[in-house]
Amino acid sequence: MTTRRTAVAGILTALLLGMRTAGATTAASDSTSAAAPAPAPGESYKRTELYFGGNRPDGTPITPADFELFLDKEVTPAFPDGLTWLEAHGQWMGGKEDSYVLIILYPFGDRTANRELEEIRTDYKEQFDQQSVLRADSVERVSF
6 MTTRRTAVAG ILTALLLGMR TAGATTAASD STSAAAPAPA PGESYKRTEL YFGGNRPDGT
66 PITPADFELF LDKEVTPAFP DGLTWLEAHG QWMGGKEDSY VLIILYPFGD RTANRELEEI
126 RTDYKEQFDQ QSVLRADSVE RVSF
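Quick note, in the numbering used here, the sequence shown goes up one by one and the last residue is 149.
Any given hint could be a false lead.
[Claimed, not checked] 16 Å max Cα-Cα, derived EDC-like pairs, lysine to aspartate or glutamate:
id: 1; residue 1: K78; residue 2: E145
id: 2; residue 1: K101; residue 2: E145
id: 3; residue 1: K78; residue 2: E131
id: 4; residue 1: K51; residue 2: E131
id: 5; residue 1: K51; residue 2: E121
id: 6; residue 1: K51; residue 2: E79
id: 7; residue 1: K51; residue 2: D103
id: 8; residue 1: K130; residue 2: D86
id: 9; residue 1: K51; residue 2: D128
id: 10; residue 1: K78; residue 2: D142
[Unchecked claim] Pair by pair, the computed Cβ-Cβ distance ranges are:
id: 11; residue 1: H94; residue 2: P42; range: 53 to 61 Å
id: 12; residue 1: D128; residue 2: D86; range: 28 to 36 Å
id: 13; residue 1: S137; residue 2: G47; range: 17 to 25 Å
id: 14; residue 1: R146; residue 2: P69; range: 42 to 50 Å
What the hints contain is simulated information worked out from the structure, not anything from laboratory work.
Being a predicted model, the structure only gives us computed values, none of them experimental.
All residues carry an ideal CB built from backbone N, CA and C; glycine is no exception.
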């Protein structure tokens with residue numbers, strides 16, 4: 006009889022401890038979810054940055070006026086909703102030169118953007134005799 010009581014008491018104790026542990030886990034997960042930050046406002050957009058060299062191979066600078074003309078002819082028709090460009094100073098393969106950074110935000114589902122961006126890179130390399138135009142892509146939350 007004592008063994009049976011001991012076994013029943015052990016089972017009841019295990020059940021009660023299990024219930025307390027389950028309640029603690031639920032409370033902990035409730036407090037964790039309550040503390041989670043709200044998502045940032047806006048929609049998912051792709052952000053592409055293009056980095057353009059600012060000198061021709063012979064050292065002749067590509068002026069801001071040259072770059073703006075390139076933007077007007079090649080970039081703005083492809084991305085008429087807007088863009089941002091910055092003058093910068095860069096280094097690549099041991100050389101230092103002025104450069105230009107183009108930032109374009111476009112809807113995540115835009116199926117023509119990739120082709121347009123690659124054409125812009127190709128056109129710049131050909132027009133200004135550049136070895137490369139760096140491209141960096143990311144996904145951002147955007148709100149206008």
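- Message: I'd like to know which numbered hints this structure contradicts. Please list them from smallest to largest.
- Response: Of the numbered hints, 1, 2, 4, 6, 7, 8, 9, 10, 11, 12, 13, 14 do not hold.
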